[in-house]
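Residues per chain, in single letters:
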Amino acid sequence: MTKNTNIRISLPAVCFVWQIAMIILFGVFVRYNEESDTHWIEYKRRKNISTNLENDFYYRYASFQDVHVMIFVGFGFLMTFLKRYSFGGVGFNFLIAAFGIQWALLMQGWFHYLDSDDWKIKIGIENLINADFCVAGCLIAYGACLGKVSPVQLMVLTLFGVTLFAVEEYIILELLHAKDAGGSMIIHTFGAYYGLTISWILYRPLLSQSKNYQGSVYHSDVFAMIGTLFLWMFWPSFNSAIADHGDGQHRAVINTYLALASSVLTTFAISSLSQKHGKLDMVHIQNATLAGGVAMGTASEFMITPYGSLIVGFCSGIVSTLGYLFLTPFMEKTLKIQDTCGIHNLHGMPGVIGGIVGAITAASASESVYGKEGLINTFDFKDAVANRTVSIQGGHQAAGLCVAIAFGLAGGALVGGILKLPIWGDPADGNCFDDEVYWEVPEDEDENIPASRHPNMNHVRSMEDVYQRSNV
Amino acid sequence: MTKNTNIRISLPAVCFVWQIAMIILFGVFVRYNEESDTHWIEYKRRKNISTNLENDFYYRYASFQDVHVMIFVGFGFLMTFLKRYSFGGVGFNFLIAAFGIQWALLMQGWFHYLDSDDWKIKIGIENLINADFCVAGCLIAYGACLGKVSPVQLMVLTLFGVTLFAVEEYIILELLHAKDAGGSMIIHTFGAYYGLTISWILYRPLLSQSKNYQGSVYHSDVFAMIGTLFLWMFWPSFNSAIADHGDGQHRAVINTYLALASSVLTTFAISSLSQKHGKLDMVHIQNATLAGGVAMGTASEFMITPYGSLIVGFCSGIVSTLGYLFLTPFMEKTLKIQDTCGIHNLHGMPGVIGGIVGAITAASASESVYGKEGLINTFDFKDAVANRTVSIQGGHQAAGLCVAIAFGLAGGALVGGILKLPIWGDPADGNCFDDEVYWEVPEDEDENIPASRHPNMNHVRSMEDVYQRSNV
Amino acid sequence: MTKNTNIRISLPAVCFVWQIAMIILFGVFVRYNEESDTHWIEYKRRKNISTNLENDFYYRYASFQDVHVMIFVGFGFLMTFLKRYSFGGVGFNFLIAAFGIQWALLMQGWFHYLDSDDWKIKIGIENLINADFCVAGCLIAYGACLGKVSPVQLMVLTLFGVTLFAVEEYIILELLHAKDAGGSMIIHTFGAYYGLTISWILYRPLLSQSKNYQGSVYHSDVFAMIGTLFLWMFWPSFNSAIADHGDGQHRAVINTYLALASSVLTTFAISSLSQKHGKLDMVHIQNATLAGGVAMGTASEFMITPYGSLIVGFCSGIVSTLGYLFLTPFMEKTLKIQDTCGIHNLHGMPGVIGGIVGAITAASASESVYGKEGLINTFDFKDAVANRTVSIQGGHQAAGLCVAIAFGLAGGALVGGILKLPIWGDPADGNCFDDEVYWEVPEDEDENIPASRHPNMNHVRSMEDVYQRSNV
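Protein chains in written order, with the working numbering: chain H, 1 to 472; chain U, 1 to 472; chain X, 1 to 472.
One or more of the hints may lead you astray.
Where chains are identical, the list cannot tell them apart; a pair therefore holds if satisfied intra-copy or between any two copies.
Unchecked claim - 25 Å max Cα-Cα, derived BS3-like pairs, lysine-lysine:
1. Lys3 x Lys279
2. Lys420 x Lys279
3. Lys44 x Lys372
4. Lys333 x Lys122
5. Lys211 x Lys279
6. Lys47 x Lys279
7. Lys3 x Lys336
8. Lys279 x Lys382
9. Lys47 x Lys120
10. Lys122 x Lys211
11. Lys120 x Lys372
12. Lys122 x Lys372
13. Lys420 x Lys3
14. Lys3 x Lys276
15. Lys47 x Lys372
16. Lys279 x Lys122
17. Lys336 x Lys420
18. Lys372 x Lys336
What the hints contain is simulated information worked out from the structure, not anything from laboratory work.
Isolated chain H (complex conformation) (with noise of 0.2 Å):
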C-alpha cells in the first residue's frame, strides 16, 4: 500500500501564503516597542534612565540566545535519533519553528502586548524569548508524531498549537495569575497531551511494517547527544529568561541547575538497573535526564531551596526513566498511542510534576522565608491581586495545569480530527521513518568511492568476479 506523499504543490503553497498572511498581519500589528525603537534616547531621558544598560536587551539576551539553541539545535538534533529519519528530525523542526515564531509573536502579541492606544503589537527582546518558549510546545507535540506525519500536517499542527499556546498562556497567566517561567504547565504539561492526542487519533495499526526504520544506529545516537546536551546545558537559562530582573533570574538559573544535575543520576541508576546486565540504554540518557528541568519549570523563581531542587530532580529522572521502560509499551498496545519520542515520558509527566510542585511551593510559601516585599515581588501580588494568600495562589497554580490539560486534550483533538483528513501527503504505515519520502536522500557512502580506496569495496569486486565465474 503507497499513498500520494506528493507535497510539491501542498508545501509551498503553505509556506508562500502563510509567509505572505504573516508580512501582511506584521505590517498591519507589529512596531518596535520602546526600547529597541530609535526613540529610545528621548525615552531613556523622559525616564530617568542613567545607562543604555537598563535596557531589557541588557538583562535577558544571553538567556535568548541560550533559549533559541535549544528550539533549533536541542530539539532539533534530539530528534535526529532515528537512523533514517535526521533529515526530518532536524528539518521540519527547523521549519515549524521558524514559521511558528512568527505567528507566536502574534498571537501573543495580541493577548499581552497589544498597545491600547494605537492598537500595534510593540515588539523587544522579551516577545522572542516568548515565540521561542511558543514554538517549543509544538515542537514538544512533533515528538511524539516524529517520522508518521508529512510536514504540512506539522504546519498545521504549529498553526493551530500555536494559538491554543497563546489562549492557554492568557487564562493561566493574566486570568488565573499562575506564575509559570519555565513553562512546565503552559509549555511541557500542554505539548505533551496535545501532542500525545493527536498521536492517538492518528494511530497506525500497521506500523510494525516500518519497524526496520524506528530505531538508531551509532552515529544517530551520537548526534541526538548533542541536542541532549545543548538542552541540559541550557535549561537553566530556559527557566530563568522570563524570571524577574535580579534575585529571580539567578534563582531560577541555580535550582534548574541543581535539579538536572539529579536527574542524571537517577536516570542513569534506573536504566542500569532495568536491564539484566546493567547496560545503559540511549534513550533513557538522552531524554530523561532533562526531566528535572522540566518539572523545576514553575518553581524555579521561587525558594524551593537548593535541596528542593535536588529532590525534585531525584524523583522525576525516576519517573521519566521508568516510563520509558513500561509506560510507552503499555500506551502504545493498551491505549493505542504510538509517542515516536517518548514526550509523555520527557515533558509529559515531568511537567505535570512540575506544576504540582509549582502549586505546593506557592502554597507553602511564608513572609519568614520570602519576606515581605520578596512574597509580592515573586508572585506579582499587586493591583488586583495585592490581598491574595499564598494558599490561594497555590490553588491558581493548580487551576493553571488543569487548564494547561484540558487545552492539550481538547485541542489534541481537534487537529487530530483535522490532521486525519486525507489529503496532507502523509506516507504510509510501510514508509513512516525514512527520509526517502520528503527528502532527497544522497547515495550511500561506499557507492561511488573508487574501489581502490576502500577494503570493503575490493570485497564487493571480488564478489563480482565470483558471481561471473561461477556463472559460467
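Got chain H; can you put chains U and X on it based on the hints?
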C-alpha cells in the same frame, strides 16, 4: 596525472614564519586599550564612570562569543557536507581563521584603532569582534574553493583577503561614512566576489574526475546542519554585535531574527517546488535559509520595521534557492566558475540585496520615524558629516556596495593569479574533495572490528568462502 | 579472559546512595546567597545598590554558560573520537560531571563560602562556575583512563578528585594567596597528574588486545572536532569567568583569545612537519590547538601583553604536539602509563607551562606597568598580604604549582590503589574501548534496512545467490 601535494615544507614554513611575524608586529604595535588595561580603575574615576558594567566588555561579550561560534563551528561545520572532505572543511577553516584573526587585529588596527599619541593599536572586545568579522570574508571565499586548494593556498588567500578587507572597510566606513553593522557589503559581498574570482582563475576543466567525491553522504549532511543552525541562531548576534548600545543592538536583533525566519519558509517552498515529487534538497536547507541574515546585514540597525525585515527574508530566501537551482550550474558550465559551496547564492546575491536594501532604507529615513536625535544617532550624522541628508547617505551606501564588489573582483583577480603559480601543492583534478591528500585518514569503520560482531562482515567472510569454493 | 563487568547493582547503588547523600547534605548546609535570595531587594536597598544589574549574575552568567558548554559538550565530544566508545565518552562524562558539580558545591562551599554566622554555604552564580571548574579536573583525569574503566570507577575517581581539588584549591588560593583565574595549576596540572598516576597504577600490560578499537573512524573524528571547537571558542570565557569585574575579565579574554590562535598555527606546523608527506594528524588538531588556552590559565588576568600571549600560545602548541609525537609512545612503552587522550600533552605540560608563566609574569609585575591601584587590584594585595612584593608573589605562584603537582601525584596514587580493587566491574584487557560492555549498542546501520533501498545490500543479496549457486 598526479601533482606534488607534499606540503611538509611549505605549510610549516608559512605557519611558523607568519606566526613569528605576528608576534613581532604585536610586540611593536599592539597594547590593551583603556578598558582592558589595569589602569581602568583610574580611567573610570577620571571619566566619572560609576560601575564596571559600563566597560564595553559587558555590552558586547555575549554577542562576541556567538560570533566566535559562527566563525569556527558555523562556517566550519557548514563545510563538512562533502562525503570525504569533512576534515578539510572544518580543519582548514580552523587554521585560516586562527591566522586571520591575528592579522586582522593588526590590519584593522592600523586603519581604525591607531592611537595617534604613541602609534600603538589599543585593543578591546570590539577589536576581537571586528577581527572575527574580517575573517568571515575569507571563510566565505574558502567556500568557493572548498576541496580544490591546498592549505598553503588558503593561508595566502587569507593573508591577502584580510588586507583587502581592511582597506575596503576603511573606505566604506570611514571615507564614505556608510553604515554596515552586519557587513552585507563589507563582509558578504566582498567575500563572495573575492572567492568567486579566485575560483574562476583557478578553473579546473577536468574537475569531473573528482565527481565521485563531490557530494554528501547521509551523516555528512547532518554534520553540515550543525553549521547551518549555529549560523542561523547566532546571526542576530552577528548583525548586532557592533551596533549602537541600547536600541541599536536591540533592533538589529529583532530585524535579523525576523528576516531569518522568513527566509526559512521560502527556501523550503522553492526547494520542494523545484523537484518532481516535491522532495526537499538538503543543499538548499543548509544554505538558503541563511540568506535572510546576510541580506539584513546593512539595514539591521535601521528602522526597517518588522514587516520590512520579513519581506527582505522572503525575497532573499527565494533568490538564494533559485540560485542553487539555476545559477550555479550555469556559472559552472558557461562562466567557468566552480563554486563548491554555492557562495554566490548564500553570500553574493543576498549580500548585494542587503547593500541595496540598506541604501534604500537609509535614503527613505525621516525625522518623523526616527526622531531628531534618533536619526543623528543611527547614522552618526556628527562632525564632518553633521549636515549630510538621508538621500546623500543613501547614495554613499550604494557607493559602498560598489566598492565592495570592486575590491572583491580586483582582489580576487590578483590573488587568483598568485595562487595559480605551481608551487602551492594543490591537488590534481582527480584528487579534489578528498581528505586523503592532506590528512591522515583513519581506516574504514568496519575493517578492524572482529567479524563476529558485525553482521556485514559475516557476509564478507562468507563471500570469501564462496570465492575459494567457486575457484575450485 | 573475561571479567565480570555487570554493574547492575553497583552503578545504581552508587548513584542512588550518593545522590541521596547530596540531598541530605544540601538540606543541612546549602542556601541561596544574598544575590539569589528573595531578600535581594532589601539587601540592595541596604547596600545602596541602584540597579539589579549589579547582581553578580549579570557579570558572570554569559561566561558561566560558556563554561558549562565546555564541561558537557567540550570535554564530552572531545572524547567521542574512538570508533566504538563514543557513548562512553560523552555519556560517562555527562554522568560524572553531573555528580561532581553537586559534590563540588559542597566541598568548595565548606572551604570557601561557609557563612560563619549560621554555618551554611551560601551559593550564587560564582559557585556554579567554580563547581564546573572543579569537575573539569576530574574530566581531564578521565581522559587518561578513557575506555579502560567502569562508570563506577569513574564515580569514585570523581568523588576523590573533587575532594582533593577543593583542598588543593584552598591551599593554593587561600593559604598561598596565589592567583589562578583559569586554573593552569589548580585545574589542568592537578587533573593531568591525578589522571596519569591513576592510569599508571591501573596499567594494563595486555591492552594491545583491544587495539582494533583504539582508534578513530572518519565520522568519530568529526564528532570530536565538535568538542575541540567548543572548548577552543569558549576558552576565553573559561579563563575570565571568575576574573575581576571590569578590566580583569576583559584582559583575560583578550590574552586567551590570542594564545589560542597562536597555538593553532604551531600545531598545524608541527603536525605537518612530523609526517613523511606532510599530512596532518587529526589527533594533534583536536588537542594541541587547545594548549594555548591551558597555558594562559594563570596569567590571563595579568598584564602579560598581547604579544606575550602569542608567545605562550606559540610555545605550548609546539610542546603539546611534540608530546603526542614522542612523549606519549615513550610514556606508554617505558613508563607504563597508558594515556588514552594524551592528557599529559594537552593539560599536563601546558598546565605546568602556564604555572611557570604565571609565576614569572607575577614576579616581573611593576607599578609602572600596572599602576599603583591596578597592581593592588590584580594581585589582591590587601589585608593579610597588603605588603607582599611581586617577587614574593612570584615565589608563591611557583609554590602553588608544586602543590598542584604533589596533590595530583599523591591523590592519584591513593585513588589508583582504591580503583585497583577487583570489585568495580572494569573491562578485561580485550574489551577496552568498546561500548558493548556498558551500553545497549544499536544494531549496525545496514542490517535491517530492506536491500532494495541500499545498493550495497544488493551486492550482498546477489552474493548470497552466488553462495547458493556455487554450492550446487
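Results of checking the hints against the structure:
no.	hint	verdict
1	Lys3 x Lys279	between (40 Å within a copy, 15 Å between copies)
2	Lys420 x Lys279	between (40 Å within a copy, 22 Å between copies)
3	Lys44 x Lys372	between (30 Å within a copy, 15 Å between copies)
4	Lys333 x Lys122	neither (48 Å within a copy, 49 Å between copies)
5	Lys211 x Lys279	both (23 Å within a copy, 23 Å between copies)
6	Lys47 x Lys279	neither (61 Å within a copy, 54 Å between copies)
7	Lys3 x Lys336	within (22 Å within a copy, 43 Å between copies)
8	Lys279 x Lys382	neither (53 Å within a copy, 54 Å between copies)
9	Lys47 x Lys120	within (22 Å within a copy, 41 Å between copies)
10	Lys122 x Lys211	neither (49 Å within a copy, 52 Å between copies)
11	Lys120 x Lys372	between (37 Å within a copy, 23 Å between copies)
12	Lys122 x Lys372	between (33 Å within a copy, 21 Å between copies)
13	Lys420 x Lys3	within (14 Å within a copy, 54 Å between copies)
14	Lys3 x Lys276	between (41 Å within a copy, 16 Å between copies)
15	Lys47 x Lys372	between (27 Å within a copy, 18 Å between copies)
16	Lys279 x Lys122	neither (53 Å within a copy, 38 Å between copies)
17	Lys336 x Lys420	within (15 Å within a copy, 50 Å between copies)
18	Lys372 x Lys336	neither (51 Å within a copy, 64 Å between copies)
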